[in-house]
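**Student:** Starting from the structure of chain P, add chain B where the hints point.
Number of protein chains: 2
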Amino acid sequence: MLVVKKFGGSSVANKERIYNVVKRCIEDYEKGNDVVVVLSAMGDTTDELLEKAADISGDAPKREMDMLLATGEQISVSLAAMACDALGVPAISLNAFQVAMHTTSTYGNARFKRIDTERIRHELDARKIVFVTGFQGINKYDDVTTLGRGGSDTTAVAIAASLHADACEIYTDVDGVYTADPRVVSKARKLKEITYDEMLEMASLGAKVLHNRSVELAKKYGVSLVVLSSLERAEGTVVKEVTKVEQMLVSGVTADKNTARIAIIGLNDEPGIAFKIFNLLARKGINVDIILQSIGRDNKKDISFTVAQTDLKDTLKILEENSNVINAEKVAADEHVAKVSVIGAGMQTNAGVAAGMFEALYNVGVNIRMISTSDIRITVLINEEDADKAVRAVHDKFIPED
Amino acid sequence: MLVVKKFGGSSVANKERIYNVVKRCIEDYEKGNDVVVVLSAMGDTTDELLEKAADISGDAPKREMDMLLATGEQISVSLAAMACDALGVPAISLNAFQVAMHTTSTYGNARFKRIDTERIRHELDARKIVFVTGFQGINKYDDVTTLGRGGSDTTAVAIAASLHADACEIYTDVDGVYTADPRVVSKARKLKEITYDEMLEMASLGAKVLHNRSVELAKKYGVSLVVLSSLERAEGTVVKEVTKVEQMLVSGVTADKNTARIAIIGLNDEPGIAFKIFNLLARKGINVDIILQSIGRDNKKDISFTVAQTDLKDTLKILEENSNVINAEKVAADEHVAKVSVIGAGMQTNAGVAAGMFEALYNVGVNIRMISTSDIRITVLINEEDADKAVRAVHDKFIPED
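Protein chains in written order, with this note's numbering: chain P, 8 to 409; chain B, 8 to 409.
If we strip away everything but chain P, and leave its shape as in the complex, we get (with noise of 0.2 Å):
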């Protein structure tokens, strides 16, 4: 069995931890299973170094920022072979070069394009762990790439993928993926299974466990994904196309508390407005959300939508640069809003569970501002103050009790 395994910097960030992810990697190689560990850079050492470019340089060339984070990885994997060697088990690192992870060339977001997979093959057959650097790549001009904070997740789909891994294994600081964010709902349940399509939504929701990026990529690639604790011992979250064990209505509950809203009143009510509007935005990498429309006095018309409260600023800034081809009546932004989220693969046949959240929500007395839907799931924007009560109530409504 070939098995890739992932792990974080807070996993790596001291001798201690680093020699405790060693030896899980041991155990699974002593099964005779083939190993493939990625690793990200050590505990703070990313910040470090963006701390030293920014002393140098407020404005540094992403194609040498590039070249400085990469370095965080390379410790890494070195020190890690170096444990492992120390406890007696051959053991080999490599970085994006020598590994040859080809991706685009778009400096600090990169994608992958195609790994090769000869020299970790070649590493595997001389029985030894083989530990890759997370994170990095190199592109058509031999230039280090990064892909953007957390993407080692996505190292270790695509590294998985492309040697057809039996298994990816996430190891993270939660013990895998839940109905609710623990602290919030005392009640919430870990998740034996989930769909690679549940979790981008959980994801992107705001339930910081895995990476989007490598979310998309092993559901394209069809690699099983396990959501691991790197503390404990306990059995994770399966990520995969289709789950069995447990067939529930709603899978989880989540609340992103990084959202704004900003309303756009008193437009004149001509074609195109709105594509202008969200263009513009588009343009400055700014993703508008939920968005609703509606018809004013007077021939005028309001937009209204959600952008990360991170993007606030400089979604107003934009709009107040393109006021004369706006020509709105004003500008109105509110920052203490909330979504919150049901997401689950078993809503696609069942339209009750719009109702039942919305029959939640008023039993708990929060005000719906406004609705938005997929497939899988239903959010609606609320009062950021109401956004714990609402989950919990929502939680109570669809998760049963163990």
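Note that these hints are calculated values from the structure, not bench results. You may find that some hints are simply not true.
If chains are identical, the list can't say which one is meant, so a pair holds when it fits in one copy or spans any two.
[What the hints assert, rightly or not] Below, simulated PhoX-like cross-link-like pairs (lysine-lysine); rule was C-alpha separation at most 20 Å, straight line:
| no. | residue 1 | residue 2 |
| --- | --- | --- |
| 1 | LYS337 | LYS307 |
| 2 | LYS227 | LYS396 |
| 3 | LYS320 | LYS264 |
| 4 | LYS69 | LYS22 |
| 5 | LYS30 | LYS59 |
| 6 | LYS215 | LYS199 |
| 7 | LYS197 | LYS404 |
| 8 | LYS215 | LYS247 |
| 9 | LYS283 | LYS38 |
| 10 | LYS22 | LYS59 |
| 11 | LYS147 | LYS69 |
| 12 | LYS404 | LYS38 |
| 13 | LYS120 | LYS226 |
| 14 | LYS226 | LYS215 |
| 15 | LYS226 | LYS199 |
Since this is a predicted model, take the numbers as computed values, not measurements.
**Tutor:** Then chain B, alone, in the frame of chain P:
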């Protein structure tokens, strides 16, 4: 004109120093020159990485050690390229993979085999300052190698040779090569020029200005080296095949206190015994320097030789372990000795130097214990406490005052 510049770790130890280095490179660039800059790891980075490795394993595989250490220079070059960009001059950093600096496979002590020039030339043609990682290479397995301490000098020379550079400037914390250590001999003069051979004798005898291998390589490929201060703007020392400006009889006087003397007393006078002993030491990588063999009493003989003080413990251990083969009456060691040498290409045609040196030492009451000579060097072994006095006396004798 194409110039290769090399700056050591202390020259790039922090933000201010990186900017200083970059500004000096920009000055050259703005004269219209092509500029390639070889950098070492920042300040104590290499030592910190060594500590990390020592923390993980007392006996880390050298292949992994090189993988770890190579990150240090990658950090330097990317930060330098950022600083250059911040000053408005296009720059790029390249590591050993990107340049393709091919070395032998000996991890920790690799030698250059071939340096590809295509990528560097491509970047120079685009009018970029090119920052290259010193100290490292790649071997035929695509693995990272390092050249051993001080290897960045060798990188600079090898790149200068490959690119047929017009100049190779080595910036150090001294401003050139002196006729003696200025801390010992107040009248020591900076040399305008020195031959490769003289520099080699100087380097191996304790004048820590240039890495020996870099001088050998410069000699082999006829690369003119200039040793300059990274702090001041003084004229440096040129190292080349033949010096013309000042044909001095003696170019320098050096003292090497990292010396110990071992005497093996009462050996059986059988053929090959000296070979046996020195072969044992050579196999463990211990360099033996001055050797003296003498006939003792009762058909026995004595052999004395010097080793580096840092090798003394290992040497005594090897002699002890092989005492049944060596079969000597006694092994004695003396740590408190020093080698003092006069070096000068001019002495090849002048037999009077040795006599002058012995006279100068006699005049200040320094006792000579052993003597060794080459074409351009005379070395004497004396008591360590006499070293400074001896250097001053010999310097006074041969080096004319400014």
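**Student:** Each of the hints needs a verdict: does it hold here or not?
**Tutor:** Comparing the hints with the structure gives:
1. LYS337 with LYS307: Only inside one copy: LYS337 and LYS307 sit 12 Å apart there, 108 Å across copies, limit 20 Å.
2. LYS227 with LYS396: Classified as neither: same-chain Cα gap 36 Å, cross-chain 78 Å, threshold 20 Å.
3. LYS320 with LYS264: So LYS320 and LYS264 pass the 20 Å test inside one copy only (16 Å; across, 66 Å).
4. LYS69 with LYS22: between (31 Å within a copy, 19 Å between copies)
5. LYS30 with LYS59: between (33 Å within a copy, 19 Å between copies)
6. LYS215 with LYS199: within (17 Å within a copy, 65 Å between copies)
7. LYS197 with LYS404: within (17 Å within a copy, 87 Å between copies)
8. LYS215 with LYS247: Within one copy only: 18 Å inside, 62 Å across.
9. LYS283 with LYS38: Neither. Shortest intra-copy (59 Å) and inter-copy (49 Å) distances fail the 20 Å Cα cut-off.
10. LYS22 with LYS59: between (24 Å within a copy, 9 Å between copies)
11. LYS147 with LYS69: within (16 Å within a copy, 30 Å between copies)
12. LYS404 with LYS38: This pair counts as neither: shortest intra-copy Cα distance 44 Å, inter-copy 75 Å.
13. LYS120 with LYS226: Only inside one copy: LYS120 and LYS226 sit 16 Å apart there, 46 Å across copies, limit 20 Å.
14. LYS226 with LYS215: within (18 Å within a copy, 59 Å between copies)
15. LYS226 with LYS199: Close inside one copy (18 Å), not across copies (69 Å); limit 20 Å.
Consistency with the previously given hints fails for numbers 2, 9 and 12, ordered from lowest to highest.
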